[in-house]
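From just these sequences and the hints, can you work out the full model?
Going down the list, the protein sequences come from chains X and E.
Basically the numbering used here = 1-based index in the first sequence + 44.
Basically the numbering used here = 1-based index in the second sequence + 1256.
Because the hints were derived from the structure by calculation, they are not lab data.
Source: prediction; values computed, not measured.
All C-beta atoms in this analysis are idealised placements derived from N, C-alpha and C, irrespective of residue type, glycine included.
Just so you know, not all the hints are guaranteed correct.
Stretch by stretch, here's where chain E covers chain X in the computed footprint (C-beta under 8 Å, at least three residues) [claimed, not checked]:
hint: 1; stretch: 109-117
hint: 2; stretch: 219-233
hint: 3; stretch: 269-281
The list that follows gives simulated cross-link-like pairs (lysine-lysine, DSS-like), each with its CA atoms no further than 27 Å apart [to be verified]:
hint: 4; chain 1: X; residue 1: Lys149; chain 2: X; residue 2: Lys257
hint: 5; chain 1: X; residue 1: Lys249; chain 2: X; residue 2: Lys337
hint: 6; chain 1: E; residue 1: Lys1451; chain 2: X; residue 2: Lys257
hint: 7; chain 1: X; residue 1: Lys178; chain 2: X; residue 2: Lys257
hint: 8; chain 1: X; residue 1: Lys340; chain 2: E; residue 2: Lys1378
hint: 9; chain 1: E; residue 1: Lys1451; chain 2: X; residue 2: Lys149
hint: 10; chain 1: E; residue 1: Lys1317; chain 2: E; residue 2: Lys1329
hint: 11; chain 1: X; residue 1: Lys178; chain 2: E; residue 2: Lys1451
hint: 12; chain 1: X; residue 1: Lys145; chain 2: X; residue 2: Lys249
hint: 13; chain 1: X; residue 1: Lys249; chain 2: X; residue 2: Lys149
hint: 14; chain 1: X; residue 1: Lys200; chain 2: X; residue 2: Lys178
hint: 15; chain 1: X; residue 1: Lys46; chain 2: E; residue 2: Lys1378
hint: 16; chain 1: X; residue 1: Lys257; chain 2: X; residue 2: Lys244
hint: 17; chain 1: X; residue 1: Lys244; chain 2: X; residue 2: Lys149
hint: 18; chain 1: E; residue 1: Lys1378; chain 2: X; residue 2: Lys178
hint: 19; chain 1: X; residue 1: Lys46; chain 2: E; residue 2: Lys1451
hint: 20; chain 1: X; residue 1: Lys337; chain 2: X; residue 2: Lys257
hint: 21; chain 1: X; residue 1: Lys145; chain 2: X; residue 2: Lys244
hint: 22; chain 1: E; residue 1: Lys1378; chain 2: E; residue 2: Lys1451
hint: 23; chain 1: X; residue 1: Lys145; chain 2: X; residue 2: Lys257
hint: 24; chain 1: X; residue 1: Lys340; chain 2: X; residue 2: Lys249
hint: 25; chain 1: E; residue 1: Lys1559; chain 2: X; residue 2: Lys145
Listed here are the chains, written in short residue letters.
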Amino acid sequence: MKNRAFLLLVLPGAAWFIIFAYLPMFGTIIAFKDFRIHPGGFFESVFKSEWVGFKNFEFLFSTDDAYIITRNTILYNVGLIFLGLILAVTLAIIMNELLNKRLAKFYQTAMFMPYFLSWVIISYFVFSFLNVEKGVFNQILVLFGEDPVSWYSETKFWPYFLIFLGLWKNAGYGSVVYLAAIAGIDRSYYEAAMIDGATKWNQIKYITLPMLKPLMIILTVLALGGIFRSDFGLFYQVPRDSGALYPVTNVIDTFVYRGLTIMGDTGMSTATGLYQSVVGLILVLLANYAVRKIEKDYAVF
Amino acid sequence: MNNLSESMERTLIHSPGKKSRDINAISPLWNFIFNVGICLFALSCIFPFIFIIIISFTDEKSLAINGFSILPKVLSLDAYRFLMRSGEQMAQSLGVTLLVTVIGTVLTLYLVSTYAYAISRKNFDQRGFFSFLAFFTMLFSGGLVPSYIVVTQVLHLRDTLWALILPSILNAFYIIVMRTFFTTTVPDAIIESAKIDGATEFGIYTRIVLPISLPGIATIGLFSTLGFWNDWFNALLYIDNPNLIPLQTLLIRIQNNMDFIVQNSSKVVSYDIAATLPTETVRMAMVVLATLPIALAYPFFQKYFIQGLTIGSVKE
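So this is what it looks like as structure tokens:
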């Protein structure tokens, strides 16, 4: 009786997961097929398309693209995860120490703002700085007698821009979590340390950071699970899909999107997506396994 | 909960008396240095938005000569006048965004709360299976292309409002946050006593659990509202019909092509008007209008987001 009530509650959501998450998982067999759309619908298309084995993967890995998108995805994510962790923890510790709590609240509100905006809006912000004729950066360069730069076709600046923007947008979000964790640390630790003559720096090093460690590890393991996924908007909208920038902005997600919408190469795009999901899964399991080896309690599952 | 009493205790200890400085506080010098650093970063977070507002009020000609400037030589309302006159596409897109946000959020709340509640109850025999069904989707996914094919070929949602709503109404992260909320804030004793009084499981859910869980519902509601308001990816994939384009996607289309708003709006816009049209400032004015609701509401959002984040990050 009780189970039937619960089953009724869980049913709509379960149906959604099956259609929108599990059916696409089944659909990944397209990666091993030469996908052709048949008039009979999705299932017929999948079943009637010819098996091609690993041809789609061979095609993908025979191009330079596979290397470039894998490199970009991993390097950007590693940068964003670790610099983001350092930034969030630093901001949280500093904000916790500020004497004027009202001011700290104000900073927090301001830092949270970019998190609430879409990448489309942020791409307009970026444009107001990087536009060739009217942008702020070029106005400053011209003021100092330098030549204006065509920012949207100069690859060398973009790794910095993208990392900065990724950190900038999520700094408020990240620091809040750690700030809440710091607030939860028992004050008596600090009082005892103070009596023993610990300086502020010592307190941070020997109390705050060790107490934050489990949370830092959990969030990092979860983030590492997404190391093969990128924030599509950051890499597609912000550089305005500029072809000249592809060498430094193309990541797996944008590659799959372009493969699907522009080239219409269903098989290879699916193969790329599957490569992304499988390696992502392996990485998160490995990271979790490593954490479990080092300190059992810190493992996510 | 612990945090709350902790911080209350702290304020109680430190508030009485005059301005006695906490002896463990940082020195005024470090306080000043930290303040300057964080203040600069915080300013960098709001400055771009203020800058865009200023640009939207700049005269187009002066902008063409001087470039984007924080202190424009000539101010003008032309951009907003233009939008008032020929902003039908803008109004249409705003309507689409509002509709999608409202329907999407209501459906999200329904799906998330029912699912999370069921798997939060220890006496639900299949809770392990359904928890796994949801959480596995965080570890592995079919990827973009199969999802795209399911939406277009199986469900035939291309160029419908549902294509903007259905793919994003549920995700495992919301369920985790909500389940954690249910397990931490709904005491088993209440449920037990309701059962003794003869309440059905469904009655317990609607009349007892949901009312006490309003803060959690609000958190998910805000996550979801923000998600739908800011969404452009679904539209990029599934929508061609200009009547169904949401606001963010309209901004993408006019990013490079102002014609979009001209063609799809007032028919009276003639060629010469099109030639002298305040394009750059209109773009920025549209960004301002699309952002304003969020910018005005977000200090309220923030409170709930912080709650939600704090709950979501707690490990059971």
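Results of checking the hints against the structure:
no.: 1; hint: 109-117; result: violated (count 0)
no.: 2; hint: 219-233; result: holds (count 8)
no.: 3; hint: 269-281; result: holds (count 4)
no.: 4; hint: X:Lys149 <-> X:Lys257; result: 24 Å, holds
no.: 5; hint: X:Lys249 <-> X:Lys337; result: 24 Å, holds
no.: 6; hint: E:Lys1451 <-> X:Lys257; result: 42 Å, violated
no.: 7; hint: X:Lys178 <-> X:Lys257; result: 46 Å, violated
no.: 8; hint: X:Lys340 <-> E:Lys1378; result: 25 Å, holds
no.: 9; hint: E:Lys1451 <-> X:Lys149; result: 44 Å, violated
no.: 10; hint: E:Lys1317 <-> E:Lys1329; result: 10 Å, holds
no.: 11; hint: X:Lys178 <-> E:Lys1451; result: 68 Å, violated
no.: 12; hint: X:Lys145 <-> X:Lys249; result: 23 Å, holds
no.: 13; hint: X:Lys249 <-> X:Lys149; result: 24 Å, holds
no.: 14; hint: X:Lys200 <-> X:Lys178; result: 21 Å, holds
no.: 15; hint: X:Lys46 <-> E:Lys1378; result: 11 Å, holds
no.: 16; hint: X:Lys257 <-> X:Lys244; result: 18 Å, holds
no.: 17; hint: X:Lys244 <-> X:Lys149; result: 22 Å, holds
no.: 18; hint: E:Lys1378 <-> X:Lys178; result: 61 Å, violated
no.: 19; hint: X:Lys46 <-> E:Lys1451; result: 11 Å, holds
no.: 20; hint: X:Lys337 <-> X:Lys257; result: 16 Å, holds
no.: 21; hint: X:Lys145 <-> X:Lys244; result: 18 Å, holds
no.: 22; hint: E:Lys1378 <-> E:Lys1451; result: 15 Å, holds
no.: 23; hint: X:Lys145 <-> X:Lys257; result: 25 Å, holds
no.: 24; hint: X:Lys340 <-> X:Lys249; result: 23 Å, holds
no.: 25; hint: E:Lys1559 <-> X:Lys145; result: 16 Å, holds
Violation of the numbered hints given earlier is confined to hints 1, 6, 7, 9, 11 and 18; the remaining hints are satisfied by the structure.
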